[in-house]
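S.K.: Top to bottom, those sequences are chains X and B.
Just so you know, we're using numbering that gives the first Met the number 0 here: the first sequence kicks off at 0 and counts up by one.
Just so you know, we're using numbering that gives the first Met the number 0 here: the second sequence kicks off at 0 and counts up by one.
Check before you lean on any hint, since a few could be wrong.
Copies of one chain are not kept apart here, so a pair can be met inside one copy or by any two copies together.
Under the rule of at most 20 Å between Cα atoms (straight-line distance), these lysine to any residue pairs were calculated in the SDA-like manner [claimed, not checked]:
(1) Lys252 x Glu158
(2) Lys252 x Gly231
(3) Lys172 x Glu219
(4) Lys3 x Glu158
(5) Lys162 x Thr243
(6) Lys218 x Phe240
(7) Lys162 x Asp241
Read the hints as simulated data drawn from the structure, not as lab findings.
Only a predicted model underlies this, so the values are computations on that prediction, with no experimental measurement involved.
Residues per chain are reported as follows:
There are 2 protein chains.
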Amino acid sequence: MPHKPLILITNDDGYEARGLAALVEAAKDFGEVIVITPDGPRSGMGHAITMNLPLRVKHYKTKNGIEFYRTNGTSVDCVKLGQRVLLQDRKIDLVLSGINHGSNSSVSIIYSGTMAAAIEACFEGLPAIGFSLLDYSSKADFSTAIVFAKQIIDRVMKERLPKHVCLNVNIPKLQLAEIKGIKITRQTLGYWHEDLEEHTDPFGGKYYWLAGFLVNLEKEAIDTCEWALQNGYVSVTPVHFDMTSHHTIVQLKHWEHD
Amino acid sequence: MPHKPLILITNDDGYEARGLAALVEAAKDFGEVIVITPDGPRSGMGHAITMNLPLRVKHYKTKNGIEFYRTNGTSVDCVKLGQRVLLQDRKIDLVLSGINHGSNSSVSIIYSGTMAAAIEACFEGLPAIGFSLLDYSSKADFSTAIVFAKQIIDRVMKERLPKHVCLNVNIPKLQLAEIKGIKITRQTLGYWHEDLEEHTDPFGGKYYWLAGFLVNLEKEAIDTCEWALQNGYVSVTPVHFDMTSHHTIVQLKHWEHD
């Protein structure tokens, strides 16, 4: 009997998110699927892990032969718990995260719990893909996203990814017929500019809400994720986790001797 | 009158950490210093931001002319609050984070709130340095770390860093005389292997603690942060935030046309 691929699915929007159901729908025919997600939204948690609280895992449903678990931890904790506790170090063939409600293009990748889960898997050399739809609505239409998720899962299963590389897939908020195709892109240089909104509570205390917008620092470039998304393409960015600025090493080398 | 550099200091160990006092000590003579930190430990929070809770900032002391603030947010929130709310978009000349109690070498950079603050500053092109001492103890001796922090702050002030590059500085737990010097290094390829410890609560419920160790995947390499630290050097890794695996782009390019 041929090996049935083992697929771990997680997200950062929590177990009730429609994007999770969409990803399970996209992945279910590719192998044996197991789902473990946070028990509520964990957006913007970046690569957070739970060190100061005990982690709990709860089985909450079985549907079409797929087991669903939820935890009080983050999306990164889900990968660790899935691998070590639920699957007890069985070999995982693919880790999928998402489908996120909202874009993870440009520098958002670094704030994203969706991508953090994919990157966590990638640390140990597991193939991993994070999917995001450019629609923050809890009622977003994932039908186009499911089509592309299937296509990309199929490619990764057949071609494999280089070790320690995962994918950041962002899908425009468009009907299937409006999408022009896939672009392999690089992360757009940019940052979130926050206008911290000041409010006053009933007791006179001031507080702030983070609210901002993405500043694209390379609007002219045509090989970036932002360009692809704004021009009707699904953006696929290959991602690694080497944060070294290699070309700066030479520049600083004299510090060793001065 | 010459411009007095404006220095923002934060950390992820919270306002009471001795490493914070050490960093203030190292930085105080280089310019006008302002301190904003979390109101308690935020280790392992990665690049988390606070989106679902209102952020509060409180002034809690003035010491030697330096204003100290604390917030319910993360280290990344501190950079945003410092820049937008406390300093009202005044030009910041340097962001310093730490001194962390514990190493942020290798892949720990991605879990680290200390480095997340430095990277956040770097997004907008502010020069930034994260400092970490290889001693988790709350009573760690920061005297050696202060000497190197001063030296590195001085160099960065004089030579500047390339735009969108920050530094990850890790300092061994050694006496000053035992340190061999500075090495400019790259991030060691590695991952944290977790043995999730299983416990049982008084009600029979199972829970887990994250507990693990760093697996160094390139023990033979001599240009890495891990090698430098194990051989008695202060490790200085230049860091950027482009997560693109550029060499994989070519490999996947055919997906655009198939």
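S.K.: Please go over all the hints and tell whether each is borne out by the structure.
M.R.: Verification of the supplied hints:
1. Lys252 x Glu158: Intra 39 Å, inter 13 Å, cutoff 20 Å: inter-copy only.
2. Lys252 x Gly231: Between copies only: 17 Å across, 44 Å inside.
3. Lys172 x Glu219: Classified as neither; 22 Å inside a copy, 47 Å across copies.
4. Lys3 x Glu158: within (16 Å within a copy, 56 Å between copies)
5. Lys162 x Thr243: both (18 Å within a copy, 14 Å between copies)
6. Lys218 x Phe240: between (25 Å within a copy, 18 Å between copies)
7. Lys162 x Asp241: Classified as both: same-chain Cα gap 13 Å, cross-chain 18 Å, threshold 20 Å.
Hint violations for this structure: number 3 only, all remaining hints satisfied.
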